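Asks: Chain by chain, the residues:
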Amino acid sequence: MNNRKFIYILLLILSWELISRVVGNDQLMPTSLVIAEKLWYELIEGKLWLYAFYSIVAIFIGLGISTILALSISLFSIKYKWVMDFFKFLNSILHPLPGIAILPILIIWFGVGYKAIFALVIHSVLWPIITNLFLALETFPKTLSMVGDNYEMGLLRKFWYIYFPGIMPSFISGIKTGWARAFRAVISAEMFFGVIGATGGLGWYLVKKRVFLDTTGIFAGLVVIIIIGIILERFVFNKLEKITIEKWGLKS
Amino acid sequence: MKTKIVVLILVLSVLLSGCVNSEEKTVKIAQQFGLAYAPLQLAKELDLIEKHLPDYTVEWKQIMNTATIREGMLSSDLDIGFMGIPPFLIGYDKGMNWKIFRGLSKAPLGLTYNKDKISSLEEIDIKHKIALPQPGSIQHILLAMYLERETGTANSLDDYLLTISHPDGQLALLSNSEVAAHFTSPPYIFEELKEDNVDFLVDGNEAFGGEFTFIVGVVRDKFNNQEAIDGINKGVDEAVEMIINDPGKAAEILAPIYGLDEETTLSYLTWDGMDFNNEILGIEKFSGFMLRNDYIETEILEEDVLNEQ
Numbered sequence: 002m003n004n005r006k007f008i009y010i011l012l013l014i015l016s017w018e019l020i021s022r023v024v025g026n027d028q029l030m031p032t033s034l035v036i037a038e039k040l041w042y043e044l045i046e047g048k049l050w051l052y053a054f055y056s057i058v059a060i061f062i063g064l065g066i067s068t069i070l071a072l073s074i075s076l077f078s079i080k081y082k083w084v085m086d087f088f089k090f091l092n093s094i095l096h097p098l099p100g101i102a103i104l105p106i107l108i109i110w111f112g113v114g115y116k117a118i119f120a121l122v123i124h125s126v127l128w129p130i131i132t133n134l135f136l137a138l139e140t141f142p143k144t145l146s147m148v149g150d151n152y153e154m155g156l157l158r159k160f161w162y163i164y165f166p167g168i169m170p171s172f173i174s175g176i177k178t179g180w181a182r183a184f185r186a187v188i189s190a191e192m193f194f195g196v197i198g199a200t201g202g203l204g205w206y207l208v209k210k211r212v213f214l215d216t217t218g219i220f221a222g223l224v225v226i227i228i229i230g231i232i233l234e235r236f237v238f239n240k241l242e243k244i245t246i247e248k249w250g251l252k253s
Numbered sequence: 408m409k410t411k412i413v414v415l416i417l418v419l420s421v422l423l424s425g426c427v428n429s430e431e432k433t434v435k436i437a438q439q440f441g442l443a444y445a446p447l448q449l450a451k452e453l454d455l456i457e458k459h460l461p462d463y464t465v466e467w468k469q470i471m472n473t474a475t476i477r478e479g480m481l482s483s484d485l486d487i488g489f490m491g492i493p494p495f496l497i498g499y500d501k502g503m504n505w506k507i508f509r510g511l512s513k514a515p516l517g518l519t520y521n522k523d524k525i526s527s528l529e530e531i532d533i534k535h536k537i538a539l540p541q542p543g544s545i546q547h548i549l550l551a552m553y554l555e556r557e558t559g560t561a562n563s564l565d566d567y568l569l570t571i572s573h574p575d576g577q578l579a580l581l582s583n584s585e586v587a588a589h590f591t592s593p594p595y596i597f598e599e600l601k602e603d604n605v606d607f608l609v610d611g612n613e614a615f616g617g618e619f620t621f622i623v624g625v626v627r628d629k630f631n632n633q634e635a636i637d638g639i640n641k642g643v644d645e646a647v648e649m650i651i652n653d654p655g656k657a658a659e660i661l662a663p664i665y666g667l668d669e670e671t672t673l674s675y676l677t678w679d680g681m682d683f684n685n686e687i688l689g690i691e692k693f694s695g696f697m698l699r700n701d702y703i704e705t706e707i708l709e710e711d712v713l714n715e716q
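Which chain is which? The protein sequence lines are Y and V, in order. Residue 74 in the numbering used here sits at position 73 of the first sequence, and the numbers go up by one each step. Residue 591 in the numbering used here sits at position 184 of the second sequence, and the numbers go up by one each step.
Next comes chain Y alone, as it looks inside the complex:
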């Protein structure tokens, strides 16, 4: 993190502190010190990290399933033109549907447990990844795929050695969008139908704090959500880019 970002964060905390002191009501806007104290307490005593863990596990399982699905669909799209056409059509219908809007249907079909959450995450993640992958496949240089033909590669080998590195930048940006949408979807779903398993996720944590009018606790949860977002963006996705597209010289 560069120095400028530190200054921004400091400025943000300072102005928050100032405004919250003027407001002077912890139920409306707790001061940053109160939030920090609460965050510490919730992490140690309240097992906030366990809630965060539950949400992240749910997201990553869903993300993994969607990635495999999206990649297989792309693989078949290379071989059969109609597969791409069909999924493009499905994409145009289903992509605009917000996850939270189809949640009531998912509950009827899958119940209120993990199955519904996974279905929701897959819906939120699959379409952005597919959109990105298709875009990359369509603009994929024909000469490159002909190189594969020249070597008499099978579909799988061609996909792995030629297409996959080529579509990697789009794939990673698709996963990034997908991750952000999955995170939102999971938290809304947890807020919508509460606990899954003996401990719920971050959404459930927020609901619990909300129904007991614990505003400071809500802010503690929000801080955790922000931190998870930053960590994933900076350390996971940037790392993924470094070991793939940057190493392969694909990042301009």
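Since the hints were derived computationally from the structure, they do not count as laboratory data. A hint or two may mislead.
Stretch by stretch, here's where chain Y covers chain V in the computed footprint (C-beta under 8 Å, at least three residues) [claimed, not checked]: (1) 509-517; (2) 568-578; (3) 583-590; (4) 608-617.
Okay, derived cross-link-like pairs now, SDA-like style, lysine to any residue, Cα gap no bigger than 25 Å in a straight line [claimed, not checked]: (5) V:Lys458 - V:Lys501; (6) V:Lys506 - V:Glu602; (7) Y:Lys116 - V:Lys522; (8) V:Lys534 - Y:Phe111; (9) V:Lys468 - Y:Met192; (10) V:Lys435 - Y:Met30; (11) V:Lys629 - Y:Phe111; (12) V:Lys501 - Y:Asp27; (13) V:Lys534 - Y:Val58; (14) Y:Lys210 - V:Asp566.
Among the chain Y residues that face chain V by a calculated CB cut under 7 Å, a handful are [unchecked claim]: (15) Val113; (16) Lys116; (17) Leu214; (18) Asn239.
If you're wondering where the values come from, they're calculated on a predicted model, not measured in any experiment. Using N, Cα and C, we set each Cβ at its ideal position, and we do this for glycine too.
Assemble chain V onto chain Y, guided by the hints.
Replies: Then chain V, alone, in the frame of chain Y:
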């Protein structure tokens, strides 16, 4: 540059105009959906409160759950709200300045169960869920009170709770899901009990150990306007009288709002245990239980929270 400044001033003036207190007298009332709020719905449809408060603008807001009403009252966006006693006590305990000014209804709440899934509460295990609207709701507290009496631990089933809205909970109970029991209120409970495989596991009064008021009217301290409260009381009382003396007519007005036919609405309004009046019962029993089980931190007495006339 000049136009930019003009635009900025215009935008600011629009934003700030909301902060200036208008002279006009308004009262903002929040209600939720459900049979227990029938007198409010009736008063709204027939403009009964407007009749007793001719100088006021009455704004009705239909809100999905108690937490939202509480937040609206905290941000001064709502003056009057109707809710169960436990959520009121939680807010009071957390420092909200508000008082109960009337009771509205008693209702046959209860824990229903799907006989195909379980035959008693002991059978609830990791495969099952008990659905209820939200933690801290009257349904949750009643279940905890029952468990405290029966098992000695109020939160013995907390791991199996699932918060979900009443209609979704009903759906989940009846469908092939892990929801085996549902703590709910009318009209959802009536519809569930119509099914052959659904029955009461515990009813509300049994859980509470006596009679209690389901919905009370709450007013923000800052609203502090006895004239308006009196007007609201008169309007709501009139609606209550109508439900008691002429339930047929009340059902006729309410049926389209609830999306039910008149006959069903009438049967629900006059269901055994549906009781509309301004009594306030059960505050200290609720607060004593909630204090004992750490749902609230301070002792709350009835005289603390009643809005003296």
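Asks: Which numbered hints are broken by the structure, listed smallest first?
Replies: Violated hints: 1, 4, 5, 6, 11, 16, 18; rest satisfied.
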